[in-house]
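A.B. asks: Here's the letter readout for the chains.
There are 2 protein chains.
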Amino acid sequence: MFRTITSRLAFSVRQAEETVKPRIAYAQRSGRRIKEKVALMQAKRKEAGETGAPEKPGKFVLKTGKGTRDYGPAQSALRNSVLQTVTETFNRYGAETIDTPVFELRDVLMGKYGEEGGKLVYDLQDQGGELLSLRYDLTVPFARYLAMNKITNITRYQIAKVYRRDQPVMSRGRYREFYQCDFDIAGQYDLMLPEAECLGIVDELLTKLEIGEFFINLNHRLILEGMFAVSGIPAKDFKTICSSVDKLDKTPWEDVEQEMINEKFLTKEQTGKLGELVRFRELNSDLNNLELLEKMSQLPDLGQNDKFKKGAEELKVLIEYLNVDGVTTVRYEPSLARGLDYYTGAIYEAVAPKALEGTAVENSEDTAGQPVGVGSVAAGGRYDGLVKMFDSKANVPCCGVSFGIERLFAIMEARQKVAIRTTQTEVYVASAQKNLVRDRKKLVKMLRSAGIKTEMALKANPKLLTQFQYAEERRIPLAIVIGEQELKDGVVKLRNVVTRDEQTIKLDQLITAVRDTLAAL
Amino acid sequence: MFRTITSRLAFSVRQAEETVKPRIAYAQRSGRRIKEKVALMQAKRKEAGETGAPEKPGKFVLKTGKGTRDYGPAQSALRNSVLQTVTETFNRYGAETIDTPVFELRDVLMGKYGEEGGKLVYDLQDQGGELLSLRYDLTVPFARYLAMNKITNITRYQIAKVYRRDQPVMSRGRYREFYQCDFDIAGQYDLMLPEAECLGIVDELLTKLEIGEFFINLNHRLILEGMFAVSGIPAKDFKTICSSVDKLDKTPWEDVEQEMINEKFLTKEQTGKLGELVRFRELNSDLNNLELLEKMSQLPDLGQNDKFKKGAEELKVLIEYLNVDGVTTVRYEPSLARGLDYYTGAIYEAVAPKALEGTAVENSEDTAGQPVGVGSVAAGGRYDGLVKMFDSKANVPCCGVSFGIERLFAIMEARQKVAIRTTQTEVYVASAQKNLVRDRKKLVKMLRSAGIKTEMALKANPKLLTQFQYAEERRIPLAIVIGEQELKDGVVKLRNVVTRDEQTIKLDQLITAVRDTLAAL
Chain A
0 MFRTITSRLA FSVRQAEETV KPRIAYAQRS GRRIKEKVAL MQAKRKEAGE
50 TGAPEKPGKF VLKTGKGTRD YGPAQSALRN SVLQTVTETF NRYGAETIDT
100 PVFELRDVLM GKYGEEGGKL VYDLQDQGGE LLSLRYDLTV PFARYLAMNK
150 ITNITRYQIA KVYRRDQPVM SRGRYREFYQ CDFDIAGQYD LMLPEAECLG
200 IVDELLTKLE IGEFFINLNH RLILEGMFAV SGIPAKDFKT ICSSVDKLDK
250 TPWEDVEQEM INEKFLTKEQ TGKLGELVRF RELNSDLNNL ELLEKMSQLP
300 DLGQNDKFKK GAEELKVLIE YLNVDGVTTV RYEPSLARGL DYYTGAIYEA
350 VAPKALEGTA VENSEDTAGQ PVGVGSVAAG GRYDGLVKMF DSKANVPCCG
400 VSFGIERLFA IMEARQKVAI RTTQTEVYVA SAQKNLVRDR KKLVKMLRSA
450 GIKTEMALKA NPKLLTQFQY AEERRIPLAI VIGEQELKDG VVKLRNVVTR
500 DEQTIKLDQL ITAVRDTLAA L
Chain B
0 MFRTITSRLA FSVRQAEETV KPRIAYAQRS GRRIKEKVAL MQAKRKEAGE
50 TGAPEKPGKF VLKTGKGTRD YGPAQSALRN SVLQTVTETF NRYGAETIDT
100 PVFELRDVLM GKYGEEGGKL VYDLQDQGGE LLSLRYDLTV PFARYLAMNK
150 ITNITRYQIA KVYRRDQPVM SRGRYREFYQ CDFDIAGQYD LMLPEAECLG
200 IVDELLTKLE IGEFFINLNH RLILEGMFAV SGIPAKDFKT ICSSVDKLDK
250 TPWEDVEQEM INEKFLTKEQ TGKLGELVRF RELNSDLNNL ELLEKMSQLP
300 DLGQNDKFKK GAEELKVLIE YLNVDGVTTV RYEPSLARGL DYYTGAIYEA
350 VAPKALEGTA VENSEDTAGQ PVGVGSVAAG GRYDGLVKMF DSKANVPCCG
400 VSFGIERLFA IMEARQKVAI RTTQTEVYVA SAQKNLVRDR KKLVKMLRSA
450 GIKTEMALKA NPKLLTQFQY AEERRIPLAI VIGEQELKDG VVKLRNVVTR
500 DEQTIKLDQL ITAVRDTLAA L
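Protein sequences, first through last, are from chains A and B.
Counting from 0, one number per residue, gives the positions in the first sequence under numbering that gives the first Met the number 0.
Counting from 0, one number per residue, gives the positions in the second sequence under numbering that gives the first Met the number 0.
Mixed in with the good hints, there may be bad ones.
The list treats identical chains as interchangeable, and a pair is accepted whether it falls inside one copy or across any two copies.
Lysine-lysine pairs mimicking BS3-like chemistry, simulated, CA-CA at most 30 Å apart [said to hold, decoys possible]:
id, residue 1, residue 2
1, Lys-444, Lys-433
2, Lys-272, Lys-118
3, Lys-392, Lys-235
4, Lys-272, Lys-249
5, Lys-149, Lys-160
6, Lys-441, Lys-160
7, Lys-458, Lys-249
8, Lys-452, Lys-249
9, Lys-160, Lys-118
10, Lys-207, Lys-433
11, Lys-294, Lys-267
12, Lys-309, Lys-458
13, Lys-353, Lys-235
14, Lys-315, Lys-207
15, Lys-433, Lys-272
16, Lys-235, Lys-492
17, Lys-505, Lys-207
18, Lys-149, Lys-65
19, Lys-441, Lys-294
20, Lys-462, Lys-353
21, Lys-207, Lys-452
22, Lys-65, Lys-235
23, Lys-487, Lys-65
24, Lys-160, Lys-65
25, Lys-458, Lys-308
26, Lys-65, Lys-263
These are computed hints drawn from the structure, not numbers from a lab.
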């Protein structure tokens with residue numbers, strides 16, 4: 000039951016699985032190239048500051064913990080700019096936010112992430128008192144929060160770091176400490192209205208972030224169950240067959256079919272039938288979402304299956320709402336089959352296959368020689384059983400979406416034409432002669448008091464050239480220059496740092512002039 | 000050397016020391032009252048949701064780890080609003096921001112917090128691989144970041160949670176997981192210019208936050224060393240005598256003097272001389288900062304002490320800069336003596352003694368019967384030896400300030416007249432009849448596309464009264480109401496949720512009308 004609670008946002012775990020197999024094959028192919036790659040990787044890591052040589056060997060190595068990193072000013076500024084767009088979108092949808100502790104009682108987390116996830120949880124040392132572990136995602140703490148506070152009704156987002164003792168693959172952006180960004184609607188609402196809100200947010204946010212073409216695959220648990228049933232696949236095989244079917248976005252049908260026959264012991268008859276159904280979009284590419292559902296409903300066996308009928312009816316309602324909302328990026332895809340022990344209804348996943356097109360990252364390879372592609376950037380669905388894990392009497396239906404926010408950071412970083420500024424400084428106050436530090440300070444104070452972001456050199460007698468260079472490097476748009484003559488005349492020079500144009504402004508008109516000039520930039 | 004690195008922001012540790020002693024006395028005084036207090040405390044905690052009864056006893060207790068808490072929507076909204084003011088102020092001063100991992104290699108933290116702090120560090124369990132611990136403050140990770148990346152020059156702020164296995168006292172706002180908020184200027188700059196920036200930020204931010212009257216005590220390490228020297232106090236006693244002197248803000252001189260004589264074995268002659276100096280402001284309350292420094296400089300012995308002379312000269316420069324900046328809240332206070340193994344130059348601490356005046360918290364007591372007062376809300380100073388801990392060749396002078404941000408949250412919470420809204424929703428779209436869910440959705444989409452924060456009931460056929468109630472409870476300022484007649488006429492009703500005034504607006508003028516109405520509110 001809990002094993003795939005992780006699948007919702009566990010892009011990383013999935014990626015690990017995807018990466019491991021080709022890696023082994025690759026290792027067999029070429030031992031020599033491996034060594035080259037490793038050397039290259041090590042060089043890159045060193046360059047990226049992942050390891051620092053200790054000043055005094057034998058003291059200790061100056062580094063961050065394995066799989067973690069600092070966000071320097073440039074990365075922090077980019078991240079904050081992305082998160083601002085994200086939270087603005089959540090706020091447009093009326094969401095609240097909450098914050099939960101970075102660690103939970105071990106009992107709260109235990110068993111919730113399944114065997115696989117459980118191994119990856121960071122435990123705190125027993126120092127007397129309670130046994131604690133670092134959170135592995137934001138979903139289990141959210142469920143704990145709802146159950147503990149008897150909350151039956153909340154639309155909330157949470158953006159925070161989570162911790163997984165995974166094998167880090169820095170070049171693929173897989174870390175042991177990383178941000179998650181979840182939006183969830185908990186509460187008793189009417190059919191598909193919460194799901195439409197979630198998909199609306201995905202559509203709106205990915206559009207705002209300008210990550211290039213994207214689409215949102217949509218399916219329903221009951222449709223998968225119905226398709227499996229009419230293909231003669233026993234319910235006990237649901238999970239393992241789902242994991243094969245879900246590979247269809249990257250693997251040809253023939254390979255997936257072979258896997259199901261050779262490794263999962265389906266008959267050719269079973270796979271033949273299942274293939275017709277899960278490939279229904281692929282085989283009917285001229286049909287739109289509602290037409291696909293309609294045509295599937297007319298199939299003699301599937302059309303009579305109660306589970307399929309219920310799932311299809313629900314998706315039709317959702318698709319109709321999305322049409323009203325003008326969301327055109329959603330694509331009914333019967334082969335989408337992720338997180339299905341966890342999800343109870345609609346499931347969805349957004350992909351942006353061309354997000355890195357034309358960027359430096361596009362053609363690069365990771366350390367295993369695999370192309371660094373962009374997979375899922377958001378995923379979610381309905382999960383009505385979550386809060387029951389903590390309170391068996393609670394009935395708090397939920398649906399939500401998790402954004403692959405670290406992947407979105409990486410995409411935005413790759414796509415930015417000009418590196419983002421790390422400060423917001425608008426004006427730099429400079430002096431042309433010595434002994435003007437007090438006069439610079441007075442101007443700085445005046446500008447800051449007016450709400451204008453202002454800096455000056457923290458030197459008593461800085462050189463003018465040095466001051467201009469600093470302003471240019473930091474891309475501060477305006478400089479104010481004073482000298483003895485200006486002070487006598489009660490004026491300053493207002494300088495456009497880029498064009499180097501200067502105009503003389505009376506002191507009592509300075510604030511207005513700065514505001515106008517900034518507004519006109 | 001490292002023992003008091005914590006003192007900079009370790010309000011909590013200090014509070015613990017302050018609390019423990021009265022507590023013991025109190026316990027001896029009255030066993031009965033203790034029991035009453037404990038019962039009251041337990042009831043309060045239960046009320047505050049700190050413990051939740053498990054649904055099935057024997058399963059597990061549904062709670063957060065000891066000394067930690069969730070921030071619900073109301074607390075999160077308040078916190079975000081305070082942090083917005085904080086970051087805006089930092090940005091006005093040209094600061095960058097960085098982020099470091101929540102855990103560090105144990106070796107990086109080890110020995111940096113001294114014996115006392117070391118015991119309070121959370122260690123992660125050894126699960127194979129590196130030994131890790133949760134950060135105890137943001138200063139040691141900052142120093143590690145600078146040394147590791149060979150950064151000699153940065154003005155940065157960082158707002159993040161830190162972890163201390165302290166005895167939590169929830170009623171005094173002391174938790175095991177809490178936010179710190181640090182602003183630091185690292186780099187080779189000219190005398191007192193960085194300090195003036197730090198004090199400017201404290202002055203500006205505390206003014207913006209409207210926490211009532213506050214002032215910033217200022218002293219200098221060398222002034223303390225000079226005063227001790229001319230009082231005949233050996234250098235080895237510096238630290239222990241500092242800890243006595245620092246109590247003068249709360250304890251009468253006579254008690255402090257007795258402590259120094261009885262517990263620290265000073266002679267009456269030594270304490271008599273020291274008392275004249277550390278109480279210099281108290282004994283010369285008519286003098287301003289520069290006059291105090293001047294008068295002290297004229298004392299025959301102190302005025303000849305080289306350390307005092309250097310410290311006083313530096314503070315004069317700083318005070319003169321602060322006068323230029325118009326910062327009037329700074330008060331030279333020769334008895335301020337905190338964090339002095341760590342600080343190498345100027346030290347400062349902001350206090351807001353009346354911040355809780357007139358609030359519900361003002362007269363309340365904590366669980367030990369102590370009044371819940373407001374101590375230091377910001378503290379800092381110059382610490383030039385920090386980065387050397389990690390790189391003995393590095394010379395990166397630093398000065399900075401840490402805000403007691405959890406205390407500021409508590410003050411803001413107590414002082415707010417009306418609880419902060421937990422969502423930012425501007426418009427609620429309601430329907431007066433059934434079967435209008437699609438029409439509501441269309442309006443919601445239209446408004447959101449125009450950037451207006453909009454919600455509607457996620458029910459197909461909600462009652463009008465229920466919808467209005469929701470909008471009122473959530474303090475959403477505007478509602479748009481549609482019915483069959485309005486749809487026919489191509490209009491909507493725009494309702495002021497507070498006054499309940501309604502006006503009829505044509506659909507194509509709706510966005511403008513909403514914007515104008517919101518702007519006029």
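A.B. asks: If the cut is 30 Å between Cα atoms, do Lys-65 and Lys-235 qualify within a copy, between copies, both or neither?
C.D. replies: neither (39 Å within a copy, 41 Å between copies)
A.B. asks: Evaluate Lys-441 and Lys-160 at a C-alpha cut-off of 30 Å and name the case that applies: within, between, both or neither.
C.D. replies: neither (42 Å within a copy, 36 Å between copies)
A.B. asks: Taking 30 Å as the upper bound on the Cα-Cα distance, should Lys-441 and Lys-294 be classified as within, between, both, or neither?
C.D. replies: between (75 Å within a copy, 28 Å between copies)
A.B. asks: Should Lys-294 paired with Lys-267 be assigned to within, between, both, or neither, using CA atoms and 30 Å as the limit?
C.D. replies: Within one copy only: 24 Å inside, 100 Å across.
A.B. asks: Please work out whether the CA atoms of Lys-65 and Lys-263 approach to 30 Å or closer within one copy, between two copies, in both situations, or in neither?
C.D. replies: Cα proximity of Lys-65 and Lys-263: none, with 37 Å in one copy and 47 Å across.
A.B. asks: How would you label the pair Lys-272, Lys-118 (within, between, both, or neither) given a Cα cut-off of 30 Å?
C.D. replies: neither (37 Å within a copy, 64 Å between copies)
A.B. asks: Have a look at Lys-235 and Lys-492 and pick one of within, between, both or neither, based on CA distance no larger than 30 Å.
C.D. replies: neither (78 Å within a copy, 55 Å between copies)
A.B. asks: Reference check for the pair Lys-444 and Lys-433, CA-CA at most 30 Å: within, between, both, or neither?
C.D. replies: within (19 Å within a copy, 59 Å between copies)
A.B. asks: Please sort Lys-433 with Lys-272 into within, between, both or neither, judging by C-alpha distance up to 30 Å.
C.D. replies: Answer is neither: 86 Å inside a copy and 43 Å across each miss the 30 Å cutoff.
A.B. asks: Evaluate Lys-458 and Lys-308 at a C-alpha cut-off of 30 Å and name the case that applies: within, between, both or neither.
C.D. replies: between (75 Å within a copy, 23 Å between copies)
A.B. asks: Cα distance capped at 30 Å. Does Lys-487 pair with Lys-65 within a copy, between copies, both, or neither?
C.D. replies: Classified as neither; 60 Å inside a copy, 64 Å across copies.
A.B. asks: With 30 Å as the alpha-carbon cut-off, assign the pair Lys-392 and Lys-235 to within, between, both or neither.
C.D. replies: Answer is within; shortest intra-copy Cα gap is 27 Å, inter-copy 65 Å.
Comparing the model with each earlier hint shows violations of hints 2, 6, 7, 8, 10, 13, 15, 16, 20, 22, 23, 26; every other hint is respected.
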